[in-house]
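> Once you've looked at the hints, dock chain B against the given chain A.
Top line first, the protein sequences correspond to chains A and B. Residue 315 in this note's numbering sits at position 315 of the first sequence, and the numbers go up by one each step. Residue 108 in this note's numbering sits at position 108 of the second sequence, and the numbers go up by one each step.
Treat the hints with care, as some may be off.
[What the hints assert, rightly or not] With a straight-line cut-off of 35 Å between C-alpha atoms, the simulated DSBU-like cross-links for lysine-lysine are:
1) A/Lys11 with A/Lys64
2) A/Lys140 with B/Lys126
3) A/Lys20 with B/Lys276
4) B/Lys316 with A/Lys10
5) A/Lys189 with A/Lys64
Hints listed in this document are in silico derivations from the structure and should not be mistaken for laboratory results.
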Amino acid sequence: MSFNLEQYSKKINNSAAAGKLLESIFKYSDMIDKPGVNLMEVCGTHTHEIFKSGVKALLPKKIKLRSGPGCPVCVTPDSYIDGAINLAKDKNFIITTFGDMLKVPGASSSLKAEQSAGADVRVVYSPEESLEIAAANPDKNVVFLSVGFETTVPASAFLIKSAEARNLNNVYIYEANKTVPEAILAIAKHPAVKIDGFILPGHVSVIIGADAYRAAAAESGIPGVVCGFEYIDILLGINSLLEMIYNKDRGIRNEYPRVVGAAGNLTAQRVISEIFEPCDAEWRGIGVIAATGLKLREKYRRFSAGEKFASVITGPEKTKGRSCAENGCRCGEILLSIIEPPECPLFAAVCNPVNPIGPCMVSSEGVCAAYYKYGAAGAEIEL
Amino acid sequence: MGIFSQAGDFILEAHGNGGKLTHELIAEVFAAGFKNETLNEGLDSAVMNIGSMLESVKAKSLADCGETLAEARLALTTDSYVVSPLFFNGGDIGKLAVTGTLNDLLVCGAVPCAITCGFIIEEGFKISELKKIVSSMAETAAKNGVSIVTGDTKVVGRGRCDGVYINTAGAGLVINGADLKPANIKAGDAVIITGVPGNHGICILNERGGYVDKNSVRSDCAPLSKPLISLMNKVKDIKVMRDPTRGGVATTLNEFVKQNGEIGIELLENSIEYDKNSKALADILGIDLLYSACEGRALIICSKESADEALNELKKFEETAGAKVIGYACAKNKGRVIIKTSVGGARILDMQVLEQFPRIC
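Isolated chain A, as found in the complex (with noise of 0.2 Å):
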């Protein structure tokens, strides 16, 4: 693996053009005739950089920033975790994972906790590395645990395609990827959640293309942009979707074209659709929502640890402990955006980093994470 650090360098934030966007965003906010205007940031990436940034302070007090349930780790569900620890805690196993999964606290542990305690849970960048671990563990079942959105999917199809190619028989995935658009579409009808418009994340669309959305904004009537990380393009994405409220424009606008095309990227997707088809899929906190999630095709299902090791995930280590929705932990509503985490009455005190009770406030892209980490459990800055 090898970085090109020049390409990184290159930043096109610039303050002078910052300026001139929130101009524009406080006059579409005057414009709109409405008393305040809910924005949701799907992505959890999206929320970090609106908190590193600095860019929530300064939009009109109208122009509310709601986060959604983009943070992967966070919308995976209790049973999940717990299964993927049941998994780590059986010798047999060697998990391998993306680092955000580890701190994650199921009922009564963590893969981290089982990591100190004895369990091999490996930490990779690519889901491909688990190839070489399964190649030097003969005698080991290597499990990937296969979390995030489309982003991440055609990594772990590759895993899988690699897998077949080589021959090996001791490399599994614990499925749990899922899909944005349908779940953009279920937050836009559900009934508590009151949005005017989406910012749309811009990783899962270089996979899946602008026009993923469509269907979606036509049917809920409510518009999204696809946006980019930087804080420009976070405000360019703003003043877009402002744009678009106050002209009663109800489709979808790429706002990220230096890497996002309208089709996205063909080859992944054709890699997702020959190892997987749709499916149902429980989201933490929310509930189950339909053809959200992603299984294995028939053809490769004997790569599924969910399916082969079903007795390993639900037992006999069954844990004993509460899920965090048992121990008040609001994450179903602060994923929805209902409320806002320090609404929730273990925010910092009880649950912090140190001590998380759910997910969101340990992932990386997490909404409480980035509440607690740049606010100051929930302090106000003085400027």
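Okay, now just chain B, sitting in the frame of chain A:
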């Protein structure tokens, strides 16, 4: 010598048993590398004359640490080093072990005088590598006018440690009048960093992960003896200094505001410069360089009026040529570190909560 050739280039458990092999190892690796009069005495403790230390400090660094023994203040510090990998771009565990201890003395206003070292070595470790580490320690100490005056060696079985761990302790004499502590900070004081932050942490991470060519990100590991002693000799209004190692700049500044209790600190995002490659790699990996360790930087807080003088002094030295004011202490936002972002917003820079990456030093 004979036994070395029998054993090959490897440390045996017997090298730690206090017997013949231990003596050979000490003679051929440690004494040969660190050679100085105090060590050569071969006693169970290093025995030193404090009066001569006072004179020697004055002669070597022009620092006034008191005229009489009654005035002299001793600074004493210790630190253990477990960095992985042992050799990295910009240094190695030996250079780091001496540098870290020197810098801990310096930021307390002390002129380093002597260092001790304790080695815990894994059976099977290459003696040639040990020699490289020892010579790197000796070179770093010599360049900074200190001797490694006593030491200890233990060997543990294969698999019981990761190659070699080093503990160093350091003693220094505190410059007259220096009373550096966070309680001294007042609203309006300037926050200076002596160079771009975070390079050590990101370098170690790259050495382990192999994300980019190892030469493209370099640890800032460097002792700050010359610039910091010179700064203390010339600039009066230094309130506190600290080297932002684990937890980086953000964590050290949070320690300042919490220990002070009466002030906040406001950083200006636009004033903070980064190494271009380190910043790019940190962005890719999702790491904030303000939380990444430095091993050759100091955070210095001085009165606003003396900030220019301090910068002029620091810029005379290569190690601190990149010194900059990055923010100010303030009366508002008490107990917090705030960063004014380049777009005109603000956010809180909290203390690091969990480990960003372990075993960086």
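> So, for every hint listed, does it hold in this structure?
Results for each hint:
1. Taking the CA atoms of lysine 11 of chain A and lysine 64 of chain A, the gap is near 27 Å; set against the 35 Å cutoff, the hint holds.
2. About 33 Å separates the Cα atoms of lysine 140 of chain A and lysine 126 of chain B, which keeps this hinted pair within 35 Å; it holds.
3. Under the criterion of a C-alpha separation no larger than 35 Å, the hint pairing lysine 20 of chain A with lysine 276 of chain B is consistent with the structure, at around 28 Å.
4. With a CA separation close to 31 Å, the supplied pair lysine 316 of chain B and lysine 10 of chain A stays within the 35 Å bound.
5. With a CA separation close to 19 Å, the supplied pair lysine 189 of chain A and lysine 64 of chain A stays within the 35 Å bound.
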